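Novice: This is what each chain is made of:
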Amino acid sequence: MRTIKTEEITEVVSQLCKEAAYYLPEDVYEALKKGRETEESPVGRDVLDQIIKNAEIAKAEDRPYCQDTGLTIVFVEVGQDVHIEGGLLEDAINAGVAKGYVEGYLRKSVVAEPLFNRVNTQNNTPAVIYTSLVEGDKIHITVAPKGFGSENKSGLEMLVPADGVEGVKAAVMRIIKHADCNPCPPTVIGIGIGGTMDKAAYMSKKALLHRCDEHNPDPQYAKLEQELFEMINKTGIGPQLGGTTTTLAVHVEWGATHIAGLPVAVTICCHACRHASRTI
Amino acid sequence: MAEKIRITTPFTEEQSRKLKAGDSVLITGVIYSARDAAHKVMTEALDRGEKLPIDWHDQIVYYLGPTPAKPGDPIGSAGPTTSGRMDKYTPQMLDQGIKGMIGKGSRKPEVVESMKKNGVTYFAAVGGAAALIAKSIKKYEVIAYSELGPEALAALTVEDFPAIVVIDSEGNNFYEIGQKPYRKE
Numbered sequence: 001m002r003t004i005k006t007e008e009i010t011e012v013v014s015q016l017c018k019e020a021a022y023y024l025p026e027d028v029y030e031a032l033k034k035g036r037e038t039e040e041s042p043v044g045r046d047v048l049d050q051i052i053k054n055a056e057i058a059k060a061e062d063r064p065y066c067q068d069t070g071l072t073i074v075f076v077e078v079g080q081d082v083h084i085e086g087g088l089l090e091d092a093i094n095a096g097v098a099k100g101y102v103e104g105y106l107r108k109s110v111v112a113e114p115l116f117n118r119v120n121t122q123n124n125t126p127a128v129i130y131t132s133l134v135e136g137d138k139i140h141i142t143v144a145p146k147g148f149g150s151e152n153k154s155g156l157e158m159l160v161p162a163d164g165v166e167g168v169k170a171a172v173m174r175i176i177k178h179a180d181c182n183p184c185p186p187t188v189i190g191i192g193i194g195g196t197m198d199k200a201a202y203m204s205k206k207a208l209l210h211r212c213d214e215h216n217p218d219p220q221y222a223k224l225e226q227e228l229f230e231m232i233n234k235t236g237i238g239p240q241l242g243g244t245t246t247t248l249a250v251h252v253e254w255g256a257t258h259i260a261g262l263p264v265a266v267t268i269c270c271h272a273c274r275h276a277s278r279t280i
Numbered sequence: 001m002a003e004k005i006r007i008t009t010p011f012t013e014e015q016s017r018k019l020k021a022g023d024s025v026l027i028t029g030v031i032y033s034a035r036d037a038a039h040k041v042m043t044e045a046l047d048r049g050e051k052l053p054i055d056w057h058d059q060i061v062y063y064l065g066p067t068p069a070k071p072g073d074p075i076g077s078a079g080p081t082t083s084g085r086m087d088k089y090t091p092q093m094l095d096q097g098i099k100g101m102i103g104k105g106s107r108k109p110e111v112v113e114s115m116k117k118n119g120v121t122y123f124a125a126v127g128g129a130a131a132l133i134a135k136s137i138k139k140y141e142v143i144a145y146s147e148l149g150p151e152a153l154a155a156l157t158v159e160d161f162p163a164i165v166v167i168d169s170e171g172n173n174f175y176e177i178g179q180k181p182y183r184k185e
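In the order they appear, the protein sequences are chains A and B. Terminal number for the first sequence in our numbering: 280, no gaps in between. Terminal number for the second sequence in our numbering: 185, no gaps in between.
No wet-lab data here; the hints were simulated from the structure. Nothing here was measured: the structure is a model prediction, and the numbers come from that model. There could be a bad hint or two in this list.
[Unchecked claim] Residues from chain B shown here face chain A by an in silico Cβ test under 7 angstroms; the list is partial:
no.: 1; residue: 67
no.: 2; residue: 126
no.: 3; residue: 128
no.: 4; residue: 149
no.: 5; residue: 183
[As the list claims (entries may be wrong)] One-sided excerpt, in silico: chain B residues whose CB lies under 8 angstroms from chain A:
no.: 6; residue: 66
no.: 7; residue: 129
no.: 8; residue: 131
no.: 9; residue: 180
no.: 10; residue: 182
no.: 11; residue: 185
Just so you know, even glycine gets a beta-carbon here, dropped at the ideal spot from N, CA and C.
One chain only, chain A, in its complex shape (with noise of 0.2 angstroms):
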């Protein structure tokens, strides 16, 4: 058993939040850049170009990448032998958040409640926190803030069996197309199919945390991701304003379901698909 004082959990989270805002992961650099060259659309390559000399401006000077420093995302793995000292879990995340955003000059953008008041909480607190159980000794952070220009975008069908493969791919067609030029393409498209429809949502999410340049260990998947790359680049929506750079990766992540299901979830992301990760 290894005790982690939450006192840790806080700073680490903290430093978290403020890296993802400021450094574009560097593959997905790498994937802006490889679509600046293959860009057709004059319109395109100058679109793409402000965004990869903003990308570079926000790592050179600590500044946030993108003015929606997003609703955080936390993804947190526990292992099994940590004995966490000092408090929640929970309270302890969301207090490194709190100190990220204020002490990074980030957006605070959460409101507490949805509907009727809609009043800013001024921190950017509470995260959406998604914890899981691992082997061994050490606590993994993984802090996604999530962009809604993008979130607002995104989508789920509830397919059935007989809608196979081809269903699938209608299903994240109507998707994308109906968000259209909205969510600040060129995107990180996240898939999630199987589980229930929370399950599959979540692994869309989950989705995004992959490379750039990483493909699925499962050679169906793989294929299926690397067609709906091409479909979706073949659309026209470009980046932002027509032209052939759309979408940067797609990622599936896939798990069982119900034998009368096939959720489909996709999770779009703009560019600024940001993420950073510690163990502690």
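Using the hints provided, position chain B relative to the given structure of chain A.
Specialist: What follows is chain B alone, placed relative to chain A:
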């Protein structure tokens, strides 16, 4: 890219009607930021017959909620937000004399109709290029609704702020024009 057109504020209907979808512009002068919450508050005030905190006649609205400024900076990161969320309020706001809107993403047909009627231009800035765009903003001053935090109504002094005309005052839409040659389905 074609040569960029320089625009200065106040932005008149005459200036607006000259611009065409696809034109690349650089905006200099004072523009005003407002997004979801400020639009709700302003249209509610208009419904009650009250006066707005600023005269919107010949002005440009920027759909923006910036990050807080670091010490010594005029503003934090400051890219456009999704304009479509303001569509519900836009025809009423355009009737107040607004001649330009800066944001990102598509607009509803009723907004385009109101733009044609009022001679308004809709510009897009590059979504997510917030640290870069902030370089063209020299001053940020909250005018009203400070309680809304990043959603406050503010005056921004800008120099060579880069934008593209996506919907012109005749309703031509560059989102459609720009996509068409690259649609290969």
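Novice: Each hint should be assessed against the structure and marked as holding or not.
Specialist: Hint check results:
1. 67: Cβ of residue 67 of chain B sits 4 angstroms from chain A, so the hint holds.
2. 126: For residue 126 of chain B, the interface hint holds, since the closest Cβ of chain A sits about 5 angstroms away, which is under 7 angstroms.
3. 128: 5 angstroms, holds
4. 149: 5 angstroms, holds
5. 183: 3 angstroms, holds
6. 66: 5 angstroms, holds
7. 129: 4 angstroms, holds
8. 131: 4 angstroms, holds
9. 180: 7 angstroms, holds
10. 182: Result: holds, 4 angstroms to nearest chain A Cβ.
11. 185: 5 angstroms, holds
The structure is consistent with each of the numbered hints, conforming to all of them.
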